[in-house]
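Residue numbers (the numbering used here), protein chains in the order written: chain G, 1 to 273; chain D, 274 to 526.
Honestly, the hints are just simulated from the structure, not real lab data.
For every residue, glycine included, the Cβ atom is placed at its ideal position computed from N, Cα and C.
Take the hints with a grain of salt, since some may be wrong.
Said to hold, decoys possible - Calculated pairs, DSBU-like style, for lysine-lysine (alpha carbon to alpha carbon, straight line, at most 35 Å):
{"no.": "1", "chain 1": "D", "residue 1": "485", "chain 2": "G", "residue 2": "45"}
{"no.": "2", "chain 1": "G", "residue 1": "2", "chain 2": "G", "residue 2": "92"}
{"no.": "3", "chain 1": "G", "residue 1": "92", "chain 2": "D", "residue 2": "392"}
{"no.": "4", "chain 1": "D", "residue 1": "415", "chain 2": "G", "residue 2": "98"}
{"no.": "5", "chain 1": "G", "residue 1": "45", "chain 2": "G", "residue 2": "140"}
{"no.": "6", "chain 1": "D", "residue 1": "277", "chain 2": "D", "residue 2": "485"}
{"no.": "7", "chain 1": "G", "residue 1": "209", "chain 2": "G", "residue 2": "265"}
{"no.": "8", "chain 1": "D", "residue 1": "451", "chain 2": "G", "residue 2": "140"}
{"no.": "9", "chain 1": "G", "residue 1": "45", "chain 2": "G", "residue 2": "256"}
{"no.": "10", "chain 1": "G", "residue 1": "189", "chain 2": "G", "residue 2": "98"}
{"no.": "11", "chain 1": "G", "residue 1": "193", "chain 2": "G", "residue 2": "45"}
{"no.": "12", "chain 1": "G", "residue 1": "140", "chain 2": "D", "residue 2": "415"}
{"no.": "13", "chain 1": "D", "residue 1": "277", "chain 2": "G", "residue 2": "192"}
{"no.": "14", "chain 1": "G", "residue 1": "140", "chain 2": "G", "residue 2": "189"}
{"no.": "15", "chain 1": "G", "residue 1": "155", "chain 2": "D", "residue 2": "392"}
{"no.": "16", "chain 1": "G", "residue 1": "45", "chain 2": "G", "residue 2": "229"}
{"no.": "17", "chain 1": "D", "residue 1": "485", "chain 2": "D", "residue 2": "415"}
{"no.": "18", "chain 1": "D", "residue 1": "392", "chain 2": "G", "residue 2": "122"}
{"no.": "19", "chain 1": "D", "residue 1": "415", "chain 2": "G", "residue 2": "155"}
{"no.": "20", "chain 1": "D", "residue 1": "448", "chain 2": "G", "residue 2": "155"}
{"no.": "21", "chain 1": "G", "residue 1": "155", "chain 2": "D", "residue 2": "449"}
{"no.": "22", "chain 1": "G", "residue 1": "150", "chain 2": "D", "residue 2": "277"}
{"no.": "23", "chain 1": "D", "residue 1": "451", "chain 2": "G", "residue 2": "155"}
Stated by the list, open to error - So, partial list: chain G residues that the calculated Cβ filter (under 7 Å) puts toward chain D:
{"no.": "24", "residue": "28"}
{"no.": "25", "residue": "91"}
{"no.": "26", "residue": "116"}
{"no.": "27", "residue": "120"}
{"no.": "28", "residue": "122"}
{"no.": "29", "residue": "124"}
{"no.": "30", "residue": "126"}
{"no.": "31", "residue": "135"}
{"no.": "32", "residue": "136"}
{"no.": "33", "residue": "143"}
As the list claims (entries may be wrong) - Pairwise CB distance ranges, derived in the manner of DEER restraints:
{"no.": "34", "chain 1": "G", "residue 1": "268", "chain 2": "D", "residue 2": "446", "range": "33 to 41 Å"}
{"no.": "35", "chain 1": "D", "residue 1": "449", "chain 2": "G", "residue 2": "210", "range": "41 to 49 Å"}
{"no.": "36", "chain 1": "D", "residue 1": "392", "chain 2": "G", "residue 2": "255", "range": "35 to 43 Å"}
{"no.": "37", "chain 1": "D", "residue 1": "359", "chain 2": "G", "residue 2": "145", "range": "23 to 31 Å"}
{"no.": "38", "chain 1": "G", "residue 1": "65", "chain 2": "D", "residue 2": "359", "range": "48 to 56 Å"}
{"no.": "39", "chain 1": "D", "residue 1": "517", "chain 2": "G", "residue 2": "42", "range": "37 to 45 Å"}
{"no.": "40", "chain 1": "G", "residue 1": "255", "chain 2": "D", "residue 2": "517", "range": "52 to 60 Å"}
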Amino acid sequence: MKSVLTSFEEAAGLVDDGALLTFGGATFQRAPMEFVRELVRRGKKNLTLIDREPAMDFDLLIGAGCVAKVRTGMLAFEVFGMAPNFRRKSEKGEIIAKEGACQPIIAGFRAAAMGLPSLPVKGMLGSDLLTISEVIGSQKQIEDPFTGEKMIAVKAIEPDVAVIHAQKADEFGNVRIEGPLYEDVIKAKAAKKVVVTVEEVVSAGEIRKMPEATTLPHFIVDAVVEVPKGAYPCSCMNYYDTDYDHIQEYLQAAAKDTFEQYLDKYVYRRESK
Amino acid sequence: MTDKIATPDLMVYAMASEIENFNTVLHGVSSPLPVLGMSVARRTHAPDMAYISGAEGVDPEIDRIYPSSFDPRLNRNAVAYFGLHEAFDLAQRGELDVMFLGAAQIDRFGNTNLSVIGKIENPKVQLPGGAASAFLMPITPKVVIWATRHTYRVFVEAVDFVTGQGYNNRSEACKKNKIVVVSNLGVMNFENPGRTMQIQSVHPGHTVDEIKENTGFDILVAPDVGETPVPDQDIVDLIDRIDPDGVRQSEFH
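Looking at chain G on its own, in the form it has when it is part of the complex (with noise of 0.2 Å):
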């Protein structure tokens, strides 16, 4: 094993412009939100990003201009309504929005970490999503060669990256997640590149004394960084909670076009006028 500790900006590095990317976590939580805000302060340019049901991430990104298509089962902010650089940027064509239904998502991570060019799933037919998702060629309908029973042959998503926000790892990459995986474990199998930002990096021996808790073992991940409160304001199990305030901040910034400002002040840091 060799140490995969980087420095936040080597790890940023292995992100191109026009990379397919891929986010741990689910909407409000384990979002690896201090890797986005580099993201968006290198200036990341055409990123595609997937994901079943994210928020803020995506949502931020879009915001600052790094993004060129989304496809998602669903992109909202929970009970608080629309993501709102997704709505406005997507209703003036200035992204593309593909909708793609969190099953047949988490099938084409599923497929990738697989090894397979694709995997079946049930449901979808008669959804006008199957249709346009025909279209661009991720989904396909088939039949089961054994019954003819009809099914939707899901194309493998294969992610350029994985950024996932854990709490714990050691400096070789051996990750533990607690609590919730959400598809991260899925998503890291499938990805090309693989960053995990943590809470903190623990010793190799620490790690060893419970390898049942391991979730990612090290030969699956190219990058450790130790981020604390890497996933603010999104919820880190057993570290902090979702700052809720600080997304009801979020969306009154882009709701009254005062966006540039929440940027300056939480992702460029840059002193306010």
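Given chain G, work out where chain D should sit, using these hints.
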């Protein structure tokens, strides 16, 4: 007494009533009413249900809800974690009995739209997306749609985009699966030969005519239409205790 029950609490109770004991039930994102409904069901008539949280906990002891239905605090004292992909596996096996889904538009056949208002190529309004709707709607034995604004703009003649499949967009095999709609005015289902929407019960303080006026198509009335059952004070107190901040009001603004 009945006129004192708030609409969200009536809806929570109506949604809880759709769960039977020993059912396996899942809720998704942005779902304060389903979380409360599942919590009420488990503490009243369905103590043996399998409760799968969108936050991934199994049978959690919910002591309060939050603006996110994935908040890990919703997994308090859970017996296990069960990921969404595992819950979807269960659904494909036909072993997920009940799911709760939303809708920005719903039509007479039960098609739902959560994708776009206007055309998909050039949306007038970009909606959030259907999440699991297109996957779960046809294959789940019972899907409960909740709609907090029963108006002709939501209950439309034809949806702009079919996100979730109604009865005219399903295979014969999937037509046996039920859709129940719980709105702020009443409870609707599709239990008639033509499989079109009918009023099954009306919430106290509302009328069949009011529902008809606020529906954008000719809605049928079930022969045994009645009044929606009202939760007793213990259940109302339970809902208040779990949601002291009124998160459940958020969809009614």
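Here is how each hint holds up against the structure:
The suggested pairing of residue 485 of chain D with residue 45 of chain G is violated, with an alpha-carbon distance near 50 Å, which exceeds 35 Å. Between the alpha carbons of residue 2 of chain G and residue 92 of chain G the distance comes to roughly 47 Å, so the proposed pair goes past 35 Å and is violated. Of the supplied pair hints, the one linking residue 92 of chain G and residue 392 of chain D holds, its CA atoms being roughly 13 Å apart against a limit of 35 Å. Using a Cα cut-off of 35 Å, the hinted pair residue 415 of chain D and residue 98 of chain G holds, with the two alpha carbons roughly 28 Å apart.
For the hint pairing residue 45 of chain G with residue 140 of chain G, the CA-to-CA distance comes to about 30 Å; that is within 35 Å, so the pair holds. About 24 Å separates the Cα atoms of residue 277 of chain D and residue 485 of chain D, which keeps this hinted pair within 35 Å; it holds. At roughly 42 Å between alpha-carbon atoms, residue 209 of chain G and residue 265 of chain G are farther apart than 35 Å, so this suggested pair is violated. Straight-line distance between C-alpha atoms of residue 451 of chain D and residue 140 of chain G comes to about 26 Å, which keeps the hinted pair within the 35 Å bound.
Proximity of residue 45 of chain G to residue 256 of chain G is assessed by CA-CA distance (about 25 Å); at most 35 Å being required, the pair is judged to hold. For the proposed pair residue 189 of chain G and residue 98 of chain G, the alpha carbon gap of about 23 Å is at most 35 Å, so the pair holds. With a C-alpha separation of about 18 Å, the suggested pairing of residue 193 of chain G with residue 45 of chain G holds against the 35 Å cut-off. Restraint check: the Cα-Cα separation between residue 140 of chain G and residue 415 of chain D comes to about 26 Å, which is no more than 35 Å; the hinted pair holds.
About 58 Å separates the Cα atoms of residue 277 of chain D and residue 192 of chain G, which puts this hinted pair outside 35 Å; it is violated. Restraint check for residue 140 of chain G and residue 189 of chain G: the C-alpha separation of about 24 Å stays at or below 35 Å, so the hint holds. About 25 Å separates the Cα atoms of residue 155 of chain G and residue 392 of chain D, which keeps this hinted pair within 35 Å; it holds. The hinted pair formed by residue 45 of chain G and residue 229 of chain G meets the criterion: a straight-line CA distance of about 25 Å does not exceed 35 Å.
Distance check on the hinted pair: residue 485 of chain D and residue 415 of chain D sit about 24 Å apart at the alpha-carbon level, within 35 Å; holds. For the hint pairing residue 392 of chain D with residue 122 of chain G, the CA-to-CA distance comes to about 26 Å; that is within 35 Å, so the pair holds. Proximity of residue 415 of chain D to residue 155 of chain G is assessed by CA-CA distance (about 29 Å); at most 35 Å being required, the pair is judged to hold. Between the alpha carbons of residue 448 of chain D and residue 155 of chain G the distance comes to roughly 28 Å, so the proposed pair stays at or under 35 Å and holds.
Of the supplied pair hints, the one linking residue 155 of chain G and residue 449 of chain D holds, its CA atoms being roughly 30 Å apart against a limit of 35 Å. At roughly 50 Å between alpha-carbon atoms, residue 150 of chain G and residue 277 of chain D are farther apart than 35 Å, so this suggested pair is violated. In summary, the hint linking residue 451 of chain D to residue 155 of chain G is supported, as the alpha carbons are separated by about 30 Å, within the 35 Å threshold. Hint status for residue 28 of chain G: holds, given a least beta-carbon distance of 5 Å to chain D, under 7 Å.
With 7 Å as the threshold, the beta carbon of residue 91 of chain G comes within range of chain D, its nearest partner Cβ sitting at about 5 Å, so the hint holds. Of the supplied interface hints, the one on residue 116 of chain G is violated, with its beta-carbon coming no nearer than about 15 Å to a beta-carbon of chain D, more than 7 Å. For residue 120 of chain G, the shortest C-beta to C-beta distance to chain D is roughly 10 Å, which exceeds 7 Å, and the interface hint is violated. Interface hint at residue 122 of chain G: satisfied, since its Cβ lies 5 Å from the closest Cβ of chain D, which is below the 7 Å cut-off.
At about 5 Å, the closest approach between the beta carbon of residue 124 of chain G and any beta carbon in chain D falls short of 7 Å, and the interface hint on this residue holds. Taking 7 Å as the C-beta cut-off, the interface hint given for residue 126 of chain G holds, the closest approach to chain D being about 4 Å. Annotation: interface hint on residue 135 of chain G violated; nearest CB of chain D at approximately 10 Å, more than 7 Å. For residue 136 of chain G, the interface hint is violated, the least distance from its beta-carbon to any beta-carbon of chain D being 11 Å, above 7 Å.
Evaluation of the residue 143 of chain G hint against chain D yields a violated restraint, the C-beta minimum of about 13 Å exceeding 7 Å. For residue 268 of chain G and residue 446 of chain D, the hinted distance range of 33 to 41 Å is not satisfied, since their beta carbons lie about 55 Å from each other. Between residue 449 of chain D and residue 210 of chain G, the C-beta spacing of about 47 Å keeps the proposed range 41 to 49 Å intact. For the hinted restraint 35 to 43 Å between residue 392 of chain D and residue 255 of chain G, the CB-CB distance of approximately 26 Å leaves it violated.
Against the hinted window of 23 to 31 Å, the Cβ-Cβ separation of residue 359 of chain D and residue 145 of chain G comes to about 26 Å, which satisfies the hint. For the hinted restraint 48 to 56 Å between residue 65 of chain G and residue 359 of chain D, the CB-CB distance of approximately 37 Å leaves it violated. Range check, residue 517 of chain D to residue 42 of chain G: Cβ separation about 43 Å, and the 37 to 45 Å hint holds. With their beta carbons about 27 Å apart, residue 255 of chain G and residue 517 of chain D fall outside the hinted range of 52 to 60 Å.
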